[in-house]
Amino acid sequence: MGNQKIYKSFDEAVMDIRSHSSVMIGGFGGSGGQPTRLMLALSKRDIKGLTIIGNVAGISETTGYGWPKNSKPIDQGIFFKKGIANKIICSFPVPASQNPKSHIEKFWLENKDSVEIVPQGTLIEKIRSAGAGIPAFYTSTGVGTIIEKQKEIKFFGKKKYLLEHALSADFALIRANVADENGNLQFLGTSRAFSPAMATASKITIVEVDEIVKVGDLDPNNIHTLGVHINRIVKRRKNDMYP
Amino acid sequence: MKFHLDPAPRLNKNQIAKIATKFLKNNSLINLGIGIPSLCAQFIKDPTILLHAENGVYGFNKFASEENINTDIMDAGGNFLDMNKNMVFFDSVESFNLIRGGHIDTTILGAFQVSKSGDIANWIIPKRGIGSIGGAMDLCANTKEIIVTMEHTTKKNESKIVDKCVFPLTAVSCVNKIITDVGIFELDNNSLLLKECAPGWDPITIQKITDVTIEYDEKIIFMDIDDV
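Going line by line, the protein sequences match chains A and B.
The first sequence: position 32 = 135 (the numbering used here), numbered continuously.
The second sequence: position 116 = 118 (the numbering used here), numbered continuously.
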């Protein structure tokens, strides 16, 4: 495989993401696990109608959530600010405070059916299932709430469960610490989050990393995401303005 | 908060958080929600209690200082954490295996409303129309014990403990304890038991600001509160 997966620029790595593609954004929310540079490159594309799939989606720009003080936070709201997305599936679209209004809340005001809010554990299991070849699963999360609406219900013993379906995507943009040239990945700390599952659930996974090493340089006992799930690798420049 | 007819000051957020921590058991795995629950961490002195955050860490105990920030180490509230030797990291699949699999012993979280049957509403204000679920539905539906910490009333002095939640639910019949700024309550079999009163408060004055009929023992305890 060698160097075929390594791309020189973030722009080049997202060049073929077309209008109406579905795009998963890795991490949890906040700066650590977020593929910020890939997101910026995608946000510059002249496309429309993306479906964004993420977790804590649009709260950092207005609240600073998960970003160091004195930085300029970016979150998944950037795709709605630029008008290139028309749907989001996430667990945490908006912050507690409405002032100032986030880009996702502004988008929601005009497109109420296009913000789909999914409980976080259900969202990650939908993504994991897609990557694991499981079409649907039952969970007790959401029973007795609006999440239950229009879902198949089944009792196992005396407990009630909802049927939830797998969720895949055309692309996943993720961030890891180190990749080898085959795309085997290691993450740092809490920056792993949704990224490993998303890498298994999308057709093309693009990773931005701090460092690329030669094949064989990573301990094969400590690979967090397998290279077979990774299609493109882009290395961050040192000392750019983002954490 | 203080209202015209209050017989004594209500507890502050740190005091509510400190009281909540005394109900945590040894060797337990605990998830703390945002707001008042996140203040609990500073009062937990038992090293066998592990704090879990749904973004993929347990074993943390304090926030990082401004000059010591590592953006790869944060809690679910977006606060950066200091490293310590108990900490381990994992992805969201494992994190929600812990939650959905019932491996979290106690969750402490805030609420807009709690009903006497233990239903909780904490994710959306109907007037706004959009809210964030995050991990709350998974935690409430699957944790062994749920403790709610909240102010007893809204800013208009309306009871947040209600017969039936009007706000959209997070989960049904799951809350075991409620700790408010005027008392400690247990929910049992559709009844609201007042276990302890804040200093200067008594069951009768608490009943006046509570929409659900309060039951209590004659030997009701009056809390001894630290100044925190």
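Don't take each hint at face value.
Anything over 10 Å on all C-beta distances counts as not near chain B; from chain A, calculated [as the list claims (entries may be wrong)]:
#, residue
1, Ser134
2, Ile181
3, Glu228
4, Thr244
5, His327
Computed Cβ-Cβ distance ranges for the label pairs, DEER-style [what the hints assert, rightly or not]:
#, chain 1, residue 1, chain 2, residue 2, range
6, B, Lys87, A, Gln107, 17 to 27 Å
7, A, Asp343, B, Leu7, 52 to 62 Å
8, A, Lys252, B, Lys146, 24 to 34 Å
9, B, Asn88, A, Lys172, 40 to 50 Å
10, A, Arg340, B, Asn16, 41 to 51 Å
The set of hints was computed from the structure by calculation and includes no laboratory data.
All values reported here derive from a predicted model rather than from experimental measurement.
Ideal Cβ placement from N, Cα and C applies to all residues, glycine included.
Hint check:
1. Ser134: Per Cβ check, A:Ser134 is inside 10 Å of chain B; nearest 5 Å; violated.
2. Ile181: For A:Ile181, whose nearest Cβ neighbour in chain B is about 18 Å away, the distance exceeds 10 Å, so it holds.
3. Glu228: 7 Å, violated
4. Thr244: 5 Å, violated
5. His327: Not fine: 8 Å to the nearest Cβ puts A:His327 too close to chain B.
6. B:Lys87 with A:Gln107: 17 to 27 Å: 41 Å, violated
7. A:Asp343 with B:Leu7: 52 to 62 Å: 58 Å, holds
8. A:Lys252 with B:Lys146: 24 to 34 Å: 27 Å, holds
9. B:Asn88 with A:Lys172: 40 to 50 Å: At 27 Å between Cβs, range violated.
10. A:Arg340 with B:Asn16: 41 to 51 Å: Hint holds: Cβ distance 44 Å, inside 41 to 51 Å.
Taken one by one, the earlier hints fail for this structure at numbers 1, 3, 4, 5, 6 and 9, listed in ascending order.
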